[in-house]
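Top line first, the protein sequences correspond to chains A and S.
So the first sequence is residues 1 to 593, counted in UniProt numbering.
So the second sequence is residues 1 to 593, counted in UniProt numbering.
There could be a bad hint or two in this list.
Identical chains blur together in the list; that is why a pair holds if it fits in one copy or across any two.
To be verified - Distance condition first, Cα-Cα at most 30 Å in a straight line; then the derived DSS-like pairs of lysine-lysine:
no.	residue 1	residue 2
1	K333	K9
2	K21	K146
3	K453	K337
4	K337	K9
Calculated directly from the structure, the hints in this document are not laboratory data.
There are 2 protein chains.
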Amino acid sequence: MSLYQAPLKDMQLLVQQAIAKAGLRDLPELAEFDDELVAAVLEEAGKFAQGELAPLNQSGDVEGCHFDNGKVTTPKGWKEAYQQFCDAGWMGLALPADFGGQSLPKFIAQPVNEMWLSANLAFVMFHALTQGGSEILLHMGSEEQKARYLGPIVSGQWTVAMSLTEPNAGSDLGSLSTKAIPQDDGHYLIKGQKIFITYGEHDLAENIIHLVLARTPDAPAGSRGISLFAVPKVRINADGSLGDANDVVCTGIEHKTGLHGSPTCSISYGDQDGCFGELIGEENRGLAAMFILMNEARLSSGLQGVAFGEVGFQRALEYSLERTQGSDYQTGKQRVKIAQHPDVARMLLSIRSEVMGLRSLAYLIAALIDKSELTLNAAERKSLQARVALLTPIFKAFATEHGNLMTGTTIQIFGGMGFIEETGVAQLMRDARINTIYEGTTGIQARDLVFRKIQSDGGEAISALLAEIVRQADALQRDDALSTQGQALRSACSAVTESLPCILNRDSANLLQLNAGAVPLLEALGTLCCAWQLAELAQLAQSRLREGQDPDYYSNLLALTRFYFAFSVPNIHARLATFRQADAGVEQYRFEV
Amino acid sequence: MSLYQAPLKDMQLLVQQAIAKAGLRDLPELAEFDDELVAAVLEEAGKFAQGELAPLNQSGDVEGCHFDNGKVTTPKGWKEAYQQFCDAGWMGLALPADFGGQSLPKFIAQPVNEMWLSANLAFVMFHALTQGGSEILLHMGSEEQKARYLGPIVSGQWTVAMSLTEPNAGSDLGSLSTKAIPQDDGHYLIKGQKIFITYGEHDLAENIIHLVLARTPDAPAGSRGISLFAVPKVRINADGSLGDANDVVCTGIEHKTGLHGSPTCSISYGDQDGCFGELIGEENRGLAAMFILMNEARLSSGLQGVAFGEVGFQRALEYSLERTQGSDYQTGKQRVKIAQHPDVARMLLSIRSEVMGLRSLAYLIAALIDKSELTLNAAERKSLQARVALLTPIFKAFATEHGNLMTGTTIQIFGGMGFIEETGVAQLMRDARINTIYEGTTGIQARDLVFRKIQSDGGEAISALLAEIVRQADALQRDDALSTQGQALRSACSAVTESLPCILNRDSANLLQLNAGAVPLLEALGTLCCAWQLAELAQLAQSRLREGQDPDYYSNLLALTRFYFAFSVPNIHARLATFRQADAGVEQYRFEV
Numbered sequence: 001m002s003l004y005q006a007p008l009k010d011m012q013l014l015v016q017q018a019i020a021k022a023g024l025r026d027l028p029e030l031a032e033f034d035d036e037l038v039a040a041v042l043e044e045a046g047k048f049a050q051g052e053l054a055p056l057n058q059s060g061d062v063e064g065c066h067f068d069n070g071k072v073t074t075p076k077g078w079k080e081a082y083q084q085f086c087d088a089g090w091m092g093l094a095l096p097a098d099f100g101g102q103s104l105p106k107f108i109a110q111p112v113n114e115m116w117l118s119a120n121l122a123f124v125m126f127h128a129l130t131q132g133g134s135e136i137l138l139h140m141g142s143e144e145q146k147a148r149y150l151g152p153i154v155s156g157q158w159t160v161a162m163s164l165t166e167p168n169a170g171s172d173l174g175s176l177s178t179k180a181i182p183q184d185d186g187h188y189l190i191k192g193q194k195i196f197i198t199y200g201e202h203d204l205a206e207n208i209i210h211l212v213l214a215r216t217p218d219a220p221a222g223s224r225g226i227s228l229f230a231v232p233k234v235r236i237n238a239d240g241s242l243g244d245a246n247d248v249v250c251t252g253i254e255h256k257t258g259l260h261g262s263p264t265c266s267i268s269y270g271d272q273d274g275c276f277g278e279l280i281g282e283e284n285r286g287l288a289a290m291f292i293l294m295n296e297a298r299l300s301s302g303l304q305g306v307a308f309g310e311v312g313f314q315r316a317l318e319y320s321l322e323r324t325q326g327s328d329y330q331t332g333k334q335r336v337k338i339a340q341h342p343d344v345a346r347m348l349l350s351i352r353s354e355v356m357g358l359r360s361l362a363y364l365i366a367a368l369i370d371k372s373e374l375t376l377n378a379a380e381r382k383s384l385q386a387r388v389a390l391l392t393p394i395f396k397a398f399a400t401e402h403g404n405l406m407t408g409t410t411i412q413i414f415g416g417m418g419f420i421e422e423t424g425v426a427q428l429m430r431d432a433r434i435n436t437i438y439e440g441t442t443g444i445q446a447r448d449l450v451f452r453k454i455q456s457d458g459g460e461a462i463s464a465l466l467a468e469i470v471r472q473a474d475a476l477q478r479d480d481a482l483s484t485q486g487q488a489l490r491s492a493c494s495a496v497t498e499s500l501p502c503i504l505n506r507d508s509a510n511l512l513q514l515n516a517g518a519v520p521l522l523e524a525l526g527t528l529c530c531a532w533q534l535a536e537l538a539q540l541a542q543s544r545l546r547e548g549q550d551p552d553y554y555s556n557l558l559a560l561t562r563f564y565f566a567f568s569v570p571n572i573h574a575r576l577a578t579f580r581q582a583d584a585g586v587e588q589y590r591f592e593v
Numbered sequence: 001m002s003l004y005q006a007p008l009k010d011m012q013l014l015v016q017q018a019i020a021k022a023g024l025r026d027l028p029e030l031a032e033f034d035d036e037l038v039a040a041v042l043e044e045a046g047k048f049a050q051g052e053l054a055p056l057n058q059s060g061d062v063e064g065c066h067f068d069n070g071k072v073t074t075p076k077g078w079k080e081a082y083q084q085f086c087d088a089g090w091m092g093l094a095l096p097a098d099f100g101g102q103s104l105p106k107f108i109a110q111p112v113n114e115m116w117l118s119a120n121l122a123f124v125m126f127h128a129l130t131q132g133g134s135e136i137l138l139h140m141g142s143e144e145q146k147a148r149y150l151g152p153i154v155s156g157q158w159t160v161a162m163s164l165t166e167p168n169a170g171s172d173l174g175s176l177s178t179k180a181i182p183q184d185d186g187h188y189l190i191k192g193q194k195i196f197i198t199y200g201e202h203d204l205a206e207n208i209i210h211l212v213l214a215r216t217p218d219a220p221a222g223s224r225g226i227s228l229f230a231v232p233k234v235r236i237n238a239d240g241s242l243g244d245a246n247d248v249v250c251t252g253i254e255h256k257t258g259l260h261g262s263p264t265c266s267i268s269y270g271d272q273d274g275c276f277g278e279l280i281g282e283e284n285r286g287l288a289a290m291f292i293l294m295n296e297a298r299l300s301s302g303l304q305g306v307a308f309g310e311v312g313f314q315r316a317l318e319y320s321l322e323r324t325q326g327s328d329y330q331t332g333k334q335r336v337k338i339a340q341h342p343d344v345a346r347m348l349l350s351i352r353s354e355v356m357g358l359r360s361l362a363y364l365i366a367a368l369i370d371k372s373e374l375t376l377n378a379a380e381r382k383s384l385q386a387r388v389a390l391l392t393p394i395f396k397a398f399a400t401e402h403g404n405l406m407t408g409t410t411i412q413i414f415g416g417m418g419f420i421e422e423t424g425v426a427q428l429m430r431d432a433r434i435n436t437i438y439e440g441t442t443g444i445q446a447r448d449l450v451f452r453k454i455q456s457d458g459g460e461a462i463s464a465l466l467a468e469i470v471r472q473a474d475a476l477q478r479d480d481a482l483s484t485q486g487q488a489l490r491s492a493c494s495a496v497t498e499s500l501p502c503i504l505n506r507d508s509a510n511l512l513q514l515n516a517g518a519v520p521l522l523e524a525l526g527t528l529c530c531a532w533q534l535a536e537l538a539q540l541a542q543s544r545l546r547e548g549q550d551p552d553y554y555s556n557l558l559a560l561t562r563f564y565f566a567f568s569v570p571n572i573h574a575r576l577a578t579f580r581q582a583d584a585g586v587e588q589y590r591f592e593v
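All chains, please: the whole structure from these sequences, using the hints.
Pasting the structure below:
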């Protein structure tokens with residue numbers, strides 16, 4: 001049984017598409033990152049993911065992390081893999097060369113990250129934190145702080161942990177109560193209990209930089225009174241060497257249904273009144289810092305949905321081409337491969353079509369971020385940022401919700417064997433289950449979408465997106481082979497456009513509908529975005545087929561699009577119908593009677 | 001935290017509804033089973049489920065079963081609970097009084113079973129097997145066999161195990177290869193390996209009667225050559241006392257992602273050539289026997305979806321009335337109960353509305369079976385049996401698929417806490433995950449629906465069902481308060497009716513569509529059936545409200561129906577749209593390139 005094969009061909013195609021769509025081809029800054037280099041990086045990453053990370057995934061799940069007297073031991077093989085990961089330079093792939101990274105654009109980092117996530121999410125959880133934490137330090141840290149922290153972080157000598165959640169402050173960070181008391185020397189004394197800290201304590205690196213959200217004594221209430229502090233596990237001397245232990249104590253790790261190899265820590269800061277921290281950025285600007293990380297993290301969680309879908313598809317396909325059971329639906333021939341049963345094919349294609357649509361969206365977002373950072377045209381930058389901001393909550397929530405569905409479908413294809421842990425696919429379901437919750441639940445993404453991403457700019461970004469999808473629909477309609485899909489795409493856009501006035505209506509009478517209907521609306525837009533991406537792929541496939549290129553591959557791409565339009569696109573209308581009447585029933589029901 | 005409260009009020013209402021709809025009120029045979037008796041039985045069962053079974057559910061999951069040298073030990077407390085369960089007479093509730101049971105009609109047994117499933121499915125897995133196994137013996141066994149086996153089975157002294165699956169014969173039972181060699185004394189020597197045998201070995205009872213599917217030497221190939229044998233773990237002397245051990249050896253138990261407390265055994269029969277079995281019924285009629293059990297088992301698995309939904313709803317509701325987080329969407333008031341967030345309300349109501357619709361369907365099916373067994377009118381019996389046969393695969397597949405979704409939604413409501421095992425709701429997800437697989441996968445139910453339940457009678461049963469739902473829609477349309485729902489129900493029926501000619505078309509060109517579209521079609525019909533049940537409940541609620549009865553309860557019932565029509569009914573049209581184009585993409589995609 002193959003554990004995971006990096007889908008290099010799909011990835012390269014989608015990277016090329018993303019580069020073209022984002023207009024990155026002509027940029028001199030990216031001239032060195034040509035197709036050849038992309039292929040080389042992806043191939044190397046694929047080898048590492050397949051050869052080093054994937055083999056530890058199941059053993060890490062079975063063994064889990066160990067907690068003893070404040071110390072966390074990661075599963076067997078984790079330490080060695082971590083060292084190799086850092087030595088090979090994967091940690092700093094997309095981080096600035098100034099601090100030892102490789103400064104690769106996001107459009108290359110995205111497929112590489114996908115491989116890590118597919119191969120072993122529990123292991124690689126430290127990676128997104130390091131990326132996000134570095135971004136925070138880059139944007140908010142002083143020059144001195146950057147110089148002190150970023151080198152060891154980019155090299156993997158130190159890791160980053162994000163300390164946000166408290167028992168009474170989860171989704172609502174504004175209610176956190178950890179304190180930061182300023183000291184005469186410019187440091188702060190941190191005091192408080194945090195929970196759900198991923199890799200908050202571990203044995204992989206010599207130090208851990210906790211980025212802790214806390215309140216200074218005179219801070220305003222709520223989310224405007226939160227500041228961000230760097231709190232090292234081991235204090236750092238002026239020359240950058242390690243000093244004494246800081247007063248940072250891991251009090252336990254969670255017993256989770258999945259991600260057993262990733263320690264989820266409860267941390268007590270300053271229990272002995274000796275927890276030193278230093279302010280990052282200005283006081284009371286902690287939430288802004290957090291959003292820098294959060295956007296990274298949302299894209300990474302969304303990508304987890306893609307990554308789990310891909311692994312599940314590979315395993316299920318392999319199994320259904322081996323397992324014989326039942327007879328052919330047409331010929332009655334006995335004991336055929338189960339992939340020949342149309343219902344099994346339906347399940348396989350439901351995963352594969354979603355993976356391709358969502359992956360295409362993920363790579364596009366990455367390329368749009370690259371472009372927004374490189375363009376010199378301010379108006380273009382603004383509209384690119386608005387596009388990314390709009391797509392981020394859709395992608396995060398839709399990809400993770402469908403990631404859960406895809407892992408369920410994978411188990412279903414395995415039948416009874418899927419329920420047996422040794423098969424390995426139940427682990428996918430368990431590991432993926434947190435994706436729709438962390439980095440902002442699906443409900444929170446949907447509210448972000450409706451209120452901050454659609455209402456707050458008066459519908460400008462969504463209208464621009466819809467116009468682009470309509471142009472895509474028009475292009476499809478001009479091609480006889482794709483006109484059915486073109487028509488369906490156009491009709492889906494019209495249906496969303498008809499709902500826009502209602503979404504933009506700030507009448508308070510509308511508030512219940514917008515809140516209760518936000519997730520169904522997000523589902524509709526997520527499906528529309530996948531359909532859009534697959535429509536573009538179909539157009540590409542059609543033209544390559546006409547040129548006689550790789551007919552097996554491109555016929556399948558075309559079939560995937562047909563499948564998605566038949567099996568998923570009708571949901572757009574159903575979800576919008578729900579959105580239109582989303583206050584029904586929610587308003588009248590009383591839970592406390 | 002309450003683990004489970006039997007929802008007595010809902011259950012009693014739905015039992016009354018089912019009795020009325022099935023026309024059981026006037027039957028003299030059922031005169032003694034009045035509302036008072038139903039209430040008394042449900043109350044007692046509720047106490048047992050809450051007090052004895054639910055408290056063992058999580059500890060059984062954590063501990064699991066132990067296997068050592070052929071012996072299986074169940075988790076702590078299992079043995080005592082089993083004894084109490086049998087002593088209280090719950091095992092034989094719906095089994096014939098002739099053999100020590102209580103002969104209660106199915107319409108009472110159904111809610112009682114639901115309670116066992118909600119409280120502790122892993123424990124109670126033996127129960128459905130005992131019910132189904134007893135039905136087989138009642139229908140197929142000789143008088144002597146009934147006399148010998150049924151007493152100890154009904155009392156719980158012996159349990160029943162069903163030995164169907166082999167490594168190469170899962171969904172496709174026709175390919176099983178276990179042998180049964182006739183002996184001169186009329187017995188058979190059984191030889192073969194079976195897997196996935198629930199409670200195939202355990203320490204709860206002194207004997208286990210394995211009902212084993214096997215082939216006699218001259219049996220025809222495929223499913224027409226399968227016979228059924230009773231194979232006791234301990235041989236039974238002529239006087240009914242226990243003799244020597246039979247050659248039945250448990251070779252291991254599975255390490256599953258859920259249902260840890262229920263031993264799933266691999267069994268070797270006749271490894272030492274000493275496994276005696278006796279034929280039940282005629283040779284080569286084993287599959288017919290299996291279908292007796294299978295129909296029981298399908299209803300039981302479907303009920304598991306309802307049962308998990310109910311527990312999940314109760315836990316999630318309790319949590320969302322305790323947990324404060326975020327601010328009120330209208331007033332901005334800080335730190336409100338999360339049940340006040342419309343998106344959390346949406347999730348809670350999505351579970352509650354499905355549970356009520358599916359439970360109503362479950363109880364209706366039970367009452368229809370009772371009626372079909374009691375009616376003296378042959379035509380009525382036939383049409384009742386056809387209705388039950390049609391509804392069974394819909395209910396099994398739809399309730400279990402949505403059971404999985406509901407456990408996922410429960411976790412989502414708990415947020416990060418849902419991912420922590422101690423919270424207990426991740427166990428619901430893990431335990432429920434097998435429901436869509438065992439007793440016939442969702443794909444198999446969908447094929448059964450399309451080919452055996454719709455095509456084979458030329459659409460008679462489905463047309464009768466649709467006509468009844470249309471009558472319900474008409475009734476709703478005549479009530480101003482419900483006319484919107486009435487119209488939606490009617491339009492859904494019309495959409496299904498329009499698809500009927502295509503479903504009934506036996507053209508081979510149609511086969512791919514019917515096979516690939518069977519599950520989406522079943523989804524549409526499942527949603528329609530829930531909508532139908534909820535529409536009836538809304539009508540009842542409306543009339544009770546007009547009479548001034550229990551306004552809190554009935555207003556909520558009405559709200560549930562509104563919710564379901566807004567959030568779920570639009571799926572009917574989407575799934576039918578998929579059905580209409582279900583060959584798209586499945587046909588063209590090639591998995592082996």
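(request) Check each numbered hint from earlier against the structure, then list the numbers of those it violates in ascending order. (result) 1 and 2
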